[in-house]
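Dock chains P and R against the given chain Y, drawing on the hints supplied.
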Amino acid sequence: MPAKGWVEINELYCKACETCITDCPSQVLALDMSRLSPKGYHPAFMLLPEACTACGICAVVCPDAAITIYRGVRPSPKEEK
Amino acid sequence: MTDSDVKLVYQRPAGFDARTTHYCPGCTHGVAHRLVAEVLEEMGELHNTIGVAPVGCAVFAYNYFSFDFVEAAHGRAPAMATGIKRTLPSKTVFTYQGDGDMASIGMGEIVAAAARGELITAIFINNTNYGMTGGQMAPTTLPGQVTTSSPKGRDVERQGYPIKLAEMLATLDGAAYIARRSLHDARSIRQAKKAIRTAFEAQRQGLGFTMVELLSICPTNWGLNVADSRKWLADHMLPFYPVGDFKVNPAINAAGGN
Amino acid sequence: MAKELIKGNIAVAETALRVGLVSYFGYPITPQTELLEHLSARMPDLGRAFVQAESELGAINMVYGAACTGHRTMTSSSSPGISLMMEGISYISGTELPAVIVNVVRGGPGLGNIAPSQGDYNQMVHGGGHGEYHLLVLAPASVQEAVELTALAFDLAEKYRTIVAIMMDGSLGQMMEPAELPPFVPLREEVPDWAVKAIPGKPRVVLSSINIDPPAQERFNLRNELKWQKIRRDEVRFREYYLEDAEYVVVGYGTVGRIALSAVRTAREKGIKVGLLRPITLKPFPVEAVERLVPQAKAFLVTEANNGMMLDDIRGLVKGLKPVEFYGRMGGVLPYPDEILDAIEALVKGPLTLEGDPRDRWLAVLEQKIGVGV
Chain Y
1 MPAKGWVEIN
11 ELYCKACETC
21 ITDCPSQVLA
31 LDMSRLSPKG
41 YHPAFMLLPE
51 ACTACGICAV
61 VCPDAAITIY
71 RGVRPSPKEE
81 K
Chain P
1 MTDSDVKLVY
11 QRPAGFDART
21 THYCPGCTHG
31 VAHRLVAEVL
41 EEMGELHNTI
51 GVAPVGCAVF
61 AYNYFSFDFV
71 EAAHGRAPAM
81 ATGIKRTLPS
91 KTVFTYQGDG
101 DMASIGMGEI
111 VAAAARGELI
121 TAIFINNTNY
131 GMTGGQMAPT
141 TLPGQVTTSS
151 PKGRDVERQG
161 YPIKLAEMLA
171 TLDGAAYIAR
181 RSLHDARSIR
191 QAKKAIRTAF
201 EAQRQGLGFT
211 MVELLSICPT
221 NWGLNVADSR
231 KWLADHMLPF
241 YPVGDFKVNP
251 AINAAGGN
Chain R
1 MAKELIKGNI
11 AVAETALRVG
21 LVSYFGYPIT
31 PQTELLEHLS
41 ARMPDLGRAF
51 VQAESELGAI
61 NMVYGAACTG
71 HRTMTSSSSP
81 GISLMMEGIS
91 YISGTELPAV
101 IVNVVRGGPG
111 LGNIAPSQGD
121 YNQMVHGGGH
131 GEYHLLVLAP
141 ASVQEAVELT
151 ALAFDLAEKY
161 RTIVAIMMDG
171 SLGQMMEPAE
181 LPPFVPLREE
191 VPDWAVKAIP
201 GKPRVVLSSI
211 NIDPPAQERF
221 NLRNELKWQK
231 IRRDEVRFRE
241 YYLEDAEYVV
251 VGYGTVGRIA
261 LSAVRTAREK
271 GIKVGLLRPI
281 TLKPFPVEAV
291 ERLVPQAKAF
301 LVTEANNGMM
311 LDDIRGLVKG
321 LKPVEFYGRM
331 GGVLPYPDEI
341 LDAIEALVKG
351 PLTLEGDPRD
361 RWLAVLEQKI
371 GVGV
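Residue numbers (this note's numbering), protein chains in the order written: chain Y, 1 to 81; chain P, 1 to 258; chain R, 1 to 374.
Next up, chain Y with everything else stripped away, as it sits in the complex (with noise of 0.2 Å):
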């Protein structure tokens, strides 16, 4: 199934919380254990970008504001670091 849609997440506010991969109902997030954000945290990332479905619930619960969300297609995945 396409994506509906996907979220990007400000590395600068998360503070890999987790509320947002807990509340995922497509599970499509991750903290990614590769990385740290500036302020020392494994920021979360898309670990399952084709399930998203943009229904919101991740920027519902998080408590820092860090996440954008879009409905469509991705324009281009080059952005990705």
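Careful, some of the hints might be misleading.
What the hints assert, rightly or not - Okay, derived cross-link-like pairs now, EDC-like style, lysine to aspartate or glutamate, Cα gap no bigger than 20 Å in a straight line: (1) LYS270/R - GLU244/R; (2) LYS202/R - GLU41/P; (3) LYS4/Y - ASP5/P; (4) LYS197/R - GLU41/P.
Claimed, not checked - Simulated coverage check for chain Y against chain P, where a stretch passes if three residues somewhere in it have a Cβ under 8 Å from a Cβ of chain P: (5) 4 to 17; (6) 52 to 65.
Hints are computed from structural coordinates only; laboratory data are not their basis. Small disclaimer: the values here were computed from a predicted structure and weren't measured. Just so you know, even glycine gets a beta-carbon here, dropped at the ideal spot from N, CA and C.
Quick look at chains P and R alone, frame taken from chain Y:
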């Protein structure tokens, strides 16, 4: 597909300033801040609002909002907000206070402001302990709950009973809207946002004092991870502190408030 | 404008309104209550903010909020209420905000009584709240002077972004005297840049007394101290009576200064070369005025309605060069003119001494007079 098919569903609200908060990971203070910022933005009130920060974990709240803010003495935010609102009655004025600040040292100020029907909104964070000083017993600490100053659990015989502030303030004629919501899951957070919106709308309508109590987690001082904290809130706080509307001025419904 | 017969408390309240008081927050306490009552009647009709607060703690924190808006605000109370306000006084000072506080001092400590006293000198002049801060303290001796100092208080508060306290006492608050009130001025529209105003397009303003970084707090405090140096230089006010040729110098302020003046006049009639220095600003204190009198004075007499609070300040300025004696009454009792006259005549009679503590000698006199044994 073209770019025009892409729709922005959600982004950080403009009222929540572009800086990292000092709150612990998972702390629902951030959720409460974000909801206030979202509501004020949606109401077009961002640049007509003055906030009053408390003493406690939210002592630096003034750093995180994009509009004018003042910082009160411990518990005195409702008095300070009164001074501002009475001088600048066309502004939206709110206090943001924790449970120690509002329900203990500031009990006099909040009750008097509510009784006067002061046209301010109080956002009340109930996480059952004094977070900033390291997790001591608060007026909201549950019976039997262990804190650093009730190490064997709150003994109500010796340490008294918790205060249900929303129920208490709802008895006052000056209160227009008194509600309790929880921040432990997405559904509750959405309901909390509606309550905050209703409170600010009632303030704008001049109906009286408004307060939204928000049940919150404190993973650091509770000694639980974030997921377990949210579960603890649901299992222990919700039965004792039921969510709901405890006072709704009839004019709120008449005006189609949500 | 014509003079009218008016009570001290009401004169202060009405003057504040006329010079642009936008908001008042207070709590009833004798002997200042008429001030609050007068404003409760006048302010709503003028469309200005009046709130009878739940406590003095509430009142001072409402003043704190109102002061953040940059509009003229004040509160009034009496000694026990001012004690309760000390929290807010420190916070307002720590945020550098202008506000006016009237303290109609009564007898203490504790609940004490409702009679006139100067027992709050140290609380007003030397602190009372926590941390390093300074209040400007004005001490009127008549209803007319209370009117003038009330108008001045608002100007000074704004000029220096500081609290200005008017320290009166129960007798001045309750006394009716002829006084000329200032004309009504329209409210100022504009507010200073530093005030919170929530106006689109204006830079965001945050007002707080927090400096979590100690060096930042020290810089703030240093700036405040430097500002205070300027206030000490420019804002000292006092009145001198019969001092030109005086050999004996009486120092007294407020109501006691006025009582002392009548004692000084009687002494002059008796041929005693005595004069009076009456500080009007208790803070900044008229330091140079005292120092100038040291060479000419044979002796000083400090008189107060307390246990010798200003006495310590005067002794610090006279530096043991000349004898300093004290006569005071406490606990809501004012000294009578003849008691002060007795103290003046005791100076003349001598023997004068630089030895010992004037407080001991005063206590011996008072103990004999009112007869309590320990």
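Indices of hints not satisfied (ascending): Checked against the structure, no hint fails, so every one of them is satisfied.
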